[in-house]
Amino acid sequence: MDALTAHHVTKRYTNHVALDQVSLTIPQQTIFGLLGPNGAGKTTLIRIINQIINADSGEITVFGERLQEKHIGTIGYLPEERGLYKKLKVGEQLVYLAQLKGLSRKDASEKSKAWMRKFEITDWWNKKVEDLSKGMAQKVQFISTVMHEPRLIILDEPFSGFDPVNAQLITKEILELKEKGCTVIFSTHRMETVEDLCDHIALINKSKKILEGSKKQVKDTYRSNTFLVEHKGIFSLTSDNYELVEQKNVEDNYFRSVVKAKDISSPNQLIRDLTSVTEVHSFIEKIPTMSEIFITLVKGGSDE
Amino acid sequence: MNKVFLIIQREFLNRVQKKSFLIATILLPLIFPAIMAVLVYVSIQQKKNATKQVIQYVDNSGFFVPDSSKFLFRKFDGSVDDAKKAFQHSESYYGLLYIPKFELSHPNGLTLYTKVNPSPSDIGNIEGMMANRVKELKMQKFSIDQKVLDSLKTDISIANVNVSDAGQEKASNSKVLLGVGVAAGILMYMFIFIYGAQIMQGIIEEKTSKVVEVIVSSVRPFQLMMGKIIGLASVGLLQFLIWIVLITTLSSVVLAYFGLQMPQQQMMNEMAQNNPGMQAGPDITSFMEMVWQIPFGYVIFNFLFYFLGGYLLYGALFAAVGSAVDSPAEAQQFMFPITIPLLISYFGLFTFILDDPHSSISVWLSIIPFTSPIAMMGRIAFGVPAWQLALSMVSLIGGFMFTTWVAGRIYRVGILMHGTKINYKVMAKWFMQKG
Numbered sequence: 001m002d003a004l005t006a007h008h009v010t011k012r013y014t015n016h017v018a019l020d021q022v023s024l025t026i027p028q029q030t031i032f033g034l035l036g037p038n039g040a041g042k043t044t045l046i047r048i049i050n051q052i053i054n055a056d057s058g059e060i061t062v063f064g065e066r067l068q069e070k071h072i073g074t075i076g077y078l079p080e081e082r083g084l085y086k087k088l089k090v091g092e093q094l095v096y097l098a099q100l101k102g103l104s105r106k107d108a109s110e111k112s113k114a115w116m117r118k119f120e121i122t123d124w125w126n127k128k129v130e131d132l133s134k135g136m137a138q139k140v141q142f143i144s145t146v147m148h149e150p151r152l153i154i155l156d157e158p159f160s161g162f163d164p165v166n167a168q169l170i171t172k173e174i175l176e177l178k179e180k181g182c183t184v185i186f187s188t189h190r191m192e193t194v195e196d197l198c199d200h201i202a203l204i205n206k207s208k209k210i211l212e213g214s215k216k217q218v219k220d221t222y223r224s225n226t227f228l229v230e231h232k233g234i235f236s237l238t239s240d241n242y243e244l245v246e247q248k249n250v251e252d253n254y255f256r257s258v259v260k261a262k263d264i265s266s267p268n269q270l271i272r273d274l275t276s277v278t279e280v281h282s283f284i285e286k287i288p289t290m291s292e293i294f295i296t297l298v299k300g301g302s303d304e
Numbered sequence: 001m002n003k004v005f006l007i008i009q010r011e012f013l014n015r016v017q018k019k020s021f022l023i024a025t026i027l028l029p030l031i032f033p034a035i036m037a038v039l040v041y042v043s044i045q046q047k048k049n050a051t052k053q054v055i056q057y058v059d060n061s062g063f064f065v066p067d068s069s070k071f072l073f074r075k076f077d078g079s080v081d082d083a084k085k086a087f088q089h090s091e092s093y094y095g096l097l098y099i100p101k102f103e104l105s106h107p108n109g110l111t112l113y114t115k116v117n118p119s120p121s122d123i124g125n126i127e128g129m130m131a132n133r134v135k136e137l138k139m140q141k142f143s144i145d146q147k148v149l150d151s152l153k154t155d156i157s158i159a160n161v162n163v164s165d166a167g168q169e170k171a172s173n174s175k176v177l178l179g180v181g182v183a184a185g186i187l188m189y190m191f192i193f194i195y196g197a198q199i200m201q202g203i204i205e206e207k208t209s210k211v212v213e214v215i216v217s218s219v220r221p222f223q224l225m226m227g228k229i230i231g232l233a234s235v236g237l238l239q240f241l242i243w244i245v246l247i248t249t250l251s252s253v254v255l256a257y258f259g260l261q262m263p264q265q266q267m268m269n270e271m272a273q274n275n276p277g278m279q280a281g282p283d284i285t286s287f288m289e290m291v292w293q294i295p296f297g298y299v300i301f302n303f304l305f306y307f308l309g310g311y312l313l314y315g316a317l318f319a320a321v322g323s324a325v326d327s328p329a330e331a332q333q334f335m336f337p338i339t340i341p342l343l344i345s346y347f348g349l350f351t352f353i354l355d356d357p358h359s360s361i362s363v364w365l366s367i368i369p370f371t372s373p374i375a376m377m378g379r380i381a382f383g384v385p386a387w388q389l390a391l392s393m394v395s396l397i398g399g400f401m402f403t404t405w406v407a408g409r410i411y412r413v414g415i416l417m418h419g420t421k422i423n424y425k426v427m428a429k430w431f432m433q434k435g
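Protein chains in written order, with this note's numbering: chain A, 1 to 304; chain B, 1 to 435.
Treat the hints with care, as some may be off.
Simulated coverage check for chain A against chain B, where a stretch passes if three residues somewhere in it have a Cβ under 8 Å from a Cβ of chain B [what the hints assert, rightly or not]: (1) 46-54; (2) 65-77; (3) 80-87.
Rather than coming from a laboratory, the hints here were simulated on the basis of the structure.
Where a beta carbon is used, it is the ideal one built from N, C-alpha and C, also for glycine.
Build the full structure now, drawing on both the sequences and the hints.
Here it is, written out as structure tokens:
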């Protein structure tokens with residue numbers, strides 16, 4: 001059973017289409033990267049999942065059931081635009097937000113205390129949010145997102161505003177939550193985060209989903225059979241099967257070359273061919289980074 | 001529904017726990033009587049200690065007889081021009097009154113020279129004095145005896161008795177009812193404005209602090225809006241009830257105290273002097289009787305109903321404005337359509353309703369939902385036919401359901417919009433937008 005599926009979800013505003021027939025499948029217990037440039041429709045999709053707005057057409061299921069009001073407690077949401085009640089004390093605030101998610105007052109109070117102990121911030125309980133620093137407020141906000149134990153957690157740019165120490169703390173929590181069985185949807189521009197954390201990704205551009213799959217699948221799709229070779233002694237390839245894209249002298253007689261295989265032969269064949277013309281020191285397939293894939297696709301889209 | 005209750009509770013606690021609420025609730029009922037007491041005290045002291053102003057006069061008519069109850073008069077012997085010169089250089093005189101020779105039938109040409117602008121009451125006093133003198137002279141001329149004239153003058157005071165359908169008679173006093181109408185109407189106007197503005201401010205706060213997106217991921221925007229409006233209404237009701245209790249207790253204490261300290265008649269006279277518009281009743285006991293005959297329970301019940309209704313009706317509009325803008329300053333431009341009907345009812349209260357609470361414009365103002373909360377408060381003490389009251393109440397309920405529906409549709413879109421330029425067209429578009 002998937003954590004979330006979307007079928008042909010469409011949302012139209014008066015002047016533009018925010019989401020155009022978007023379908024997604026988010027497997028359980030994965031970290032799913034929802035990628036896309038600004039204004040692509042990510043926030044609209046997230047708001048639809050959170051039932052803040054309704055889709056014009058299409059269907060969304062959560063853990064096999066059609067999305068409905070009771071799923072509010074199943075989902076934890078950290079919006080990109082963070083916000084808490086400034087005049088309210090941290091403790092009261094957490095209890096209130098958890099109660100709105102459906103927890104009893106007693107549960108809400110216990111859970112918020114437990115989380116504050118975990119983050120070692122118990123002495124903030126009676127502090128007003130306006131007296132906290134930005135990073136402190138972010139921690140409180142993160143607690144409010146996960147304290148009602150949602151099975152599906154949606155984080156919109158979760159690391160913005162965190163210093164590296166806190167970012168690491170949050171990363172650890174996210175991985176821990178995944179281990180416990182939670183599914184996490186990540187909406188972000190930071191490709192290094194995607195590279196490190198995400199199992200699956202989907203890319204939305206101009207209201208349409210243009211790419212979806214596991215990180216490995218996606219990377220496989222965008223392999224270009226390009227190889228990075230470090231070698232001693234210059235060579236030139238005469239075969240029509242290969243193209244020497246680039247050759248650079250590193251020092252003395254050492255070179256770094258980029259070789260593109262034209263037909264989809266195995267890398268082993270290339271190694272065999274190379275060893276006959278040069279002394280190979282290293283041989284790596286150049287796998288595209290998520291960032292490169294993102295830029296290629298989004299730019300390609302805008303050329304249309 | 002449970003979640004709406006949570007929001008109501010939160011809003012209620014947020015406001016009630018603030019120090020400003022406590023101060024406003026407890027001090028306000030004390031401040032008004034305190035200010036009144038200070039003013040009365042000061043005016044009594046001033047009357048006691050006031051030294052009379054001295055006015056010099058030049059009388060060419062030979063008719064003038066100084067009356068020294070308000071001013072001290074000093075005669076100047078000489079021509080007007082000399083008097084003016086002397087007056088210019090003297091410090092001891094308040095004014096110079098010049099009375100030329102005049103015919104009794106045309107008493108013209110009287111002039112008061114002063115160095116500062118005299119108050120209207122000073123001028124009025126002198127004019128009254130002269131008029132009396134001329135009247136006296138005319139009476140002498142026509143050989144009319146003062147006693148005859150006095151015997152012509154008849155005082156009639158109409159005792160107004162309302163006869164109810166059941167045949168019961170009760171005395172009423174339209175002046176007292178007028179006072180109740182004015183007080184209730186103004187109170188309603190203030191309540192709607194103060195609490196409406198608080199709704200708007202609260203929503204702008206939620207929007208600018210961005211917390212609203214977290215909240216609406218847990219509750220429907222409409223639930224949030226209603227929770228806020230109802231939460232504040234309960235704060236308003238609590239405040240009002242505390243005031244009623246405080247004012248009733250205080251005024252009975254104060255009345256008991258003054259009842260012992262000051263002869264009642266004197267107090268009434270004092271009040272009458274301070275407010276020329278208000279005439280003292282036949283005597284204080286019947287005045288108090290009138291006051292106690294006002295059905296306060298009925299008035300308070302209706303006040304609560306119209307406060308709630310009017311507050312919900314306008315509160316929803318305030319909420320819609322709050323949701324659309326990013327700052328209170330930006331909200332100003334959208335206040336106009338909300339303020340206009342409130343101002344119309346406020347001025348309607350004074351021009352039409354208190355003038356004639358049963359005229360057809362008064363009746364209509366008290367039935368149309370946008371003006372009815374204030375207008376009906378002006379009428380209520382005078383007695384309103386049951387069908388009018390029922391019609392007014394039903395249309396008020398319909399009215400706030402309508403504004404709440406409209407506001408809800410603007411609100412759900414508005415709260416998620418940041419930095420957009422807002423005008424009425426944009427709001428209309430939001431209103432039309434699908435879920």
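Status of the hints after comparison with the structure:
For the region 46-54 of chain A, the assignment as covered by chain B holds, since 6 residues bring a beta-carbon within under 8 Å of that chain's beta-carbons and 3 suffice. Only residues whose beta carbon comes within less than 8 Å of a beta carbon in chain B count, and the region 65-77 of chain A has 3; three or more means the coverage holds. Look at the region 80-87 of chain A against chain B: 7 of its residues bring a Cβ nearer than 8 Å to a Cβ of that chain, three or more, so the hint holds.
In this structure, every one of the numbered hints holds.
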